[in-house]
Amino acid sequence: MSEVIVITSGKGGVGKTTSTANIGTGLAKLGKNVVMIDTDIGLRNLDVVMGLENRIVYNLVDVVEGNCRIKQALIKDKRYPNLALLPSAQTRDKTAVNPEQMVKLIDELRSEFDYILLDCPAGIEQGFKNAIAAADRAIIVTTPEVSAIRDADRIIGLLEANEIHKIDLIVNRLRMDMVKRGDMMSIEDVIDILAIDLLGAVPDDESIVIATNQGEPLAGDSSMAGTAYMNICKRILGEEVPLMNLEVNNGFFAKVAKLFK
Amino acid sequence: MANQPVIIKSNKYGLIVVLDSKLPFEELKEEVADKFRSSAKFFGDAQMAVCFQGRSLNLEEEMELADTISKSCQIQIVSIVDEDKELEEKMQRAVEQKEEEPGDLMNLQDGRFYKGTLRSGQVLESETSVIILGDVNPGARVISKGNVIVLGCLKGNVFVGAAGNEAAFVAALSMEPMQIRIGDVIARCSDRAPEKKKKKAADTPKIAYVEDGNIYIEPITKEVLNEIDL
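Chains as they are written, first to last, in the numbering used here: chain A, 1 to 261; chain B, 1001 to 1230.
You may find that some hints are simply not true.
Just some of the chain A residues that point at chain B, by a computed CB distance under 8 Å [unchecked claim]:
id, residue
1, R150
2, D153
3, R154
4, I156
5, G157
6, I193
7, A195
The hints are simulated quantities; they were obtained by calculation from the structure and are not laboratory data.
Note that the coordinates shown come from a computational prediction; the quantities given were computed from them, not determined experimentally.
Idealized CB from N, CA, C, for every residue including glycine.
Next up, chain B with everything else stripped away, as it sits in the complex (with noise of 0.2 Å):
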């Protein structure tokens, strides 16, 4: 088996086929395309994706070798994969990492309107900002990659900046939330909520950001909105 020039192995969707490494290239042309000639029945006419291993080929050989086998049978060769694939996904996977950062802003700057009432139990997730047309109730929570907005009494949990954003912002028109989160800063209401004072601190729109490290929560005014990238 050793110095069969030409090996095919297969898997579910794709051939392997192991090229000797000291044969002349022309020699292993015919070579591979005795072998495919071969077994052409016993393959059909199969979608296939081919890897070709034990021989670094250049891309004009590796065509080639391509025209080769579709010529000896009916496989159709739908990509050819390199051998290298951990090499492509850890290079796919840096280039991804990188697109995410300018993707941050998006998530900022781009919106989406809910309407209605978020009731205990109810989460709702978003990618981008969302601004509620509604109040958020205890045991509710917004989740969102990006800013929010609620037109209403925010009393739930909401977590801006979930992807790790800590420049995101939950702004409300009474502000009485059990837990906010700004990327990974987590800030919680005080344990005692007696009801008058909460009734009088609740009635201006409030604005939530990190500073420094920690949460702040203020009324809106024109000064704290300055201090706001988008």
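Same shape as in the complex, but just chain A (with noise of 0.2 Å):
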């Protein structure tokens, strides 16, 4: 039984696409069989952060439109035979598809795929309906921002107004120095006002940013946000997994011990 995950934020550049081709990745790391699909038409970018952007032939455009099978369309991923990508077009705009071809296409994947995974646009528009309108559940991104928390809420309403009700969350860019300062809304802060599960949350690390332009996605390293990322997904596997402690040890001794690594 496959399962389609949108992941949405309402605000943009909160971390969707990088949060899904991480998603995607440590899913596939768990030997699960996965597709990630970029709903962005008209400002596709999942393609570049997993580092795919050379492989593209055809589109999501041009299997709606007929002009190719998803086989066709499907790009593996070069480090995991069981991680595939659906581009969208960089071309065309939202109009070129509409709600009932989404499902249709998703309709026809889920037979191969376990998980597949929907990169939202940002908005509440065209392209977001798209996005939904297959979905079965939802992740939203956001960032302890409160501008980003009002657009992740008014996100919730209208996922709950499409009769998608099993919403989770995730709190990225997080940083534990300022919240502990009280600069920083925590975690609690967060789930407060939006009162939906949370799956996670990512700390605010240099290494996604490097990840991200090198076009390997991090989701399993080493790294806090690789582990924060392989943590959330064996939360959507359905394990139990402590939320870890996101404190950077920025002490003198820590320092010391990165001059020995």
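Combine the two chains into a complex, taking the hints into account.
As structure tokens, then:
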């Protein structure tokens, strides 16, 4: 039985695409058959984050318009044979596809994959409607900023209105040192407002910027963000994983230890 | 044309029968019967409202004419419309306005429940008072002609007594609204909202009401509740 998960946020730039890439990679590492679909038609970038841009021949719009078969458009990941990407078109816009076509497309993929991840565009317009049309559950990505949380709240309302009731939260780019000083909202504050289940928190980590720029998702590696994403993937599979300690140790001894790494 | 004693005009829903004002009533009746008999085919058995113009008729005369019409052709007269429509509408409006004031009381006393969190962008509108089992998040709106009680955290906008009733109130377990409007009085939260202070202040259930044209927010105590009129 496959599960269709839409990854959305409302606000742009909070880490939807990065999260999709890392969750996709993490689930593939855990042995699941996964396909990631970039639904951000006109502004595709999941392929860039995955480092698969140069392999695109056909895209989502080609499939929907019948220019090619789904198999032809799916790009197999270079690292994991059980991970695939369906890229979006860069030359078209959101109106090229409608929700019914998305449902049909995803129904065709359900038999072949355990997890279908939909990378949702920012906003609440046509692109958002396309992305959520076929979703069974949703993951909301937010940062601990009031604007991102306001948008996330609106998105949750819209998802509920569209009969998607399993909604989980990822709090991205958390800085524990700032939370401790009281300059940033804590995970508890965020959950207090949004009132949905927490899937995980990802610390603000340099390594994720580097990984994104190199097109190498870091889920499962030794970095803090990599570990956090791996934990999220395990929780998606239903495992009970305790929240990791997100505190960055920047004391004297930690710096000395870094020198010897 | 001018000396015709009976003229029939029509619009989408009915007939306007213009009558000669001087002709004796019995003669007029004959004329009406003649006129409708000759156009019976044209009208068929349509359902119509009829309006008499050009002559003041009493109720009996009106009924008699209507009778004459339905006898002379197959038209079914649904109603006789008063010529002086404007006056009628005015009177109707006056009566309805009168009714609205006791209606306000109903809004305050009657209520409905809403379960769930109201999220940014969602609007809950109600003719009566509302009790919300959940939070009202920033960016959400509650509009009620009566009172609003939030069994949760009120962080959004709320508008009570929406028909202009300043006796309405808002109560919430945790009161941190962006804006409260009671009748025509508006209050908004202060611009600086220090996180730590907010936590403490929001702990006690509070009630917002209007006094001397200002909105007051106070912890719910017996004294405050005694002041509330329903």
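Cross-check of the supplied hints:
{"no.": "1", "hint": "R150", "in the structure": "5 Å, holds"}
{"no.": "2", "hint": "D153", "in the structure": "4 Å, holds"}
{"no.": "3", "hint": "R154", "in the structure": "4 Å, holds"}
{"no.": "4", "hint": "I156", "in the structure": "6 Å, holds"}
{"no.": "5", "hint": "G157", "in the structure": "3 Å, holds"}
{"no.": "6", "hint": "I193", "in the structure": "6 Å, holds"}
{"no.": "7", "hint": "A195", "in the structure": "6 Å, holds"}
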